[in-house]
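For the sequence shown, the numbering used here gives the first residue as 7, with consecutive numbering after it.
Derived by calculation from the structure, the hints in this document are not laboratory data. Check the hints yourself; a few may be wrong.
FRET-style restraints, in silico, Cβ to Cβ [unchecked claim]:
(1) V346 <-> I528: 44 to 50 Å
(2) Q351 <-> W31: 43 to 49 Å
(3) E84 <-> A108: 23 to 29 Å
(4) D341 <-> E83: 43 to 49 Å
Built from N, CA and C at the ideal position, the CB exists for glycine as well.
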Amino acid sequence: MPRSAAHRLVPPMPGGRGRLGRLGWFGPLAVAAFGGFLRFDRLDVPHAFVFDELYYAKDAYSLITYGVERQFADGAEETILRGGADVFRACARPEDCAAYVAHPPLGKWLIGAGEWVFGLTPFGWRFAAALAGTLSVLVLARVARRMTRSTLLGCLAGLLLALDGLHLVLSRSALLDVFLTFWVLAGFACLVADRDAARARLAEWSRTSAPEGPGPRLGPRLGPRLWRPAAGLCLGAATATKWTGVLFVVAFAVMAFAWDRGARRAAGLRRPGRQAARLDLPLVLAWLCAVPAVAYVASFAGWLASAGGYGRNWDRASQNGWAYFAVDSLRSLIDYQSQVLGFHQGLSAHHDYQSDPWSWPLLLRPVLFYYRSSAGACGARSCSQAILGTGTPVVWYAGLLALIAMVVWHLTTRDWRAGAVVLGYAAGWLPWCYFALADHRTTFLFYLLPALPFLILAIVLACGLVLGPPGASAVRRSAGAALVGAFVLLALADFWWLSPVLTAVPVPYGTWLSRMLLRSWI
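All chains, full assembly: derive it from the sequences and hints.
See below:
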């Protein structure tokens, strides 16, 4: 294969194995350390249940104690905040205390791991979320570096995620969405790594083993492709955290097949679509559909192994032998999932901080996770201590412009990176628009969090266009660097301005009110 064709299949990564190659890890790790500081600093503040921590922190403790979610005694929240642990309702039979829950268990298991290590305290139940948020910064920096072949742009992606207000708030709260976001991002990163590895194999095959002459060029099978099952496990973990992970399973399976077809076409193979369907599609379905399904069922291991789970029917199933037990256990699990589906379809109760999905990209209605007023705590007569779940406006509004640019770029050049980030954002946003219209479902801004990494990738790709290619003139590169640098400074200033109302810092009431950029934020 000519060198230009090989370069087209697999552009070289920056730095190689030397000092510059090490910078490809040092830079993202440094950015992740900065993001980790923001997420772990004062993590135990406030000493209270923040928004839906009221449910997930307790369910997590139940999982690490009994393996399933159980009902709690009256006043359990006050007991926990005082340092007590005797919080479960007493029942004669385990199944009488079974708790009906509306989300799969994996995210709560992760929250429970923090409680197991650090205790049933605010720091304990928020630890895993802060860790997942910090790792998300690292993964995004590395995947952006791979997509752009630029360590600088990779670090920029990580920095923007570290500075986003909504990601910060969810990383400091024991809710499920930051875990969902991490697993979706990790799955996408595995697929991007697999894309490079598969194209490298095709380039090597074309150089050494491709048939010569005018006959049909039949491409090779590309082996087990271990990044693909890794992606499947991550996407299964996403679905085992919240059901909306399945939206990314479907989107990424389509994307992976499109990448396979594009790789075979770039290698000069005839009828690349047919070849991809015959040689690649079966493994796409196995790794990105079957593996997530198995991972989802495995996340219910505690429920399957316990008699105390909601709808478990252990006694009936265990009286008829192991074969019946296994089949009836699966039937009970499916019946439970059907009940959960009915719950989500009928969830239309009004909430003061609900918002329509079309408004999410504009940050029109954030979610107030916590608010407490007091006197004297901040040196003023009236003080406010708040956690407002909102994105950093400079990042989100720039991201909207970048997404529009990515749509145009993909339509005009078919650049795979632009298509991937638009698809990822659409998978995390457009279905919610449908759910809100079709089912009138109650929805909140933070449901958009899994789409945020793709919004930031769009910004970074647009910044790459602004900077220009490496061979551009010094004037062009300097002007581009000035524009990108100014944007980063604006994002940093915007985040600093909002940070007191993101992290429960006591401030005078007037200071809190000045941070409410729109009337709808109050």
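Verification of the hints:
1. Checked against the hint of 44 to 50 Å, the pair V346 and I528 fails, with Cβ atoms roughly 34 Å apart.
2. Checked against the hint of 43 to 49 Å, the C-beta distance between Q351 and W31 comes to roughly 45 Å, which is consistent with it.
3. Between E84 and A108 the Cβ separation comes to about 24 Å, which falls inside the hinted range of 23 to 29 Å.
4. Between D341 and E83 the beta carbon distance is about 31 Å. The supplied range of 43 to 49 Å is therefore violated.
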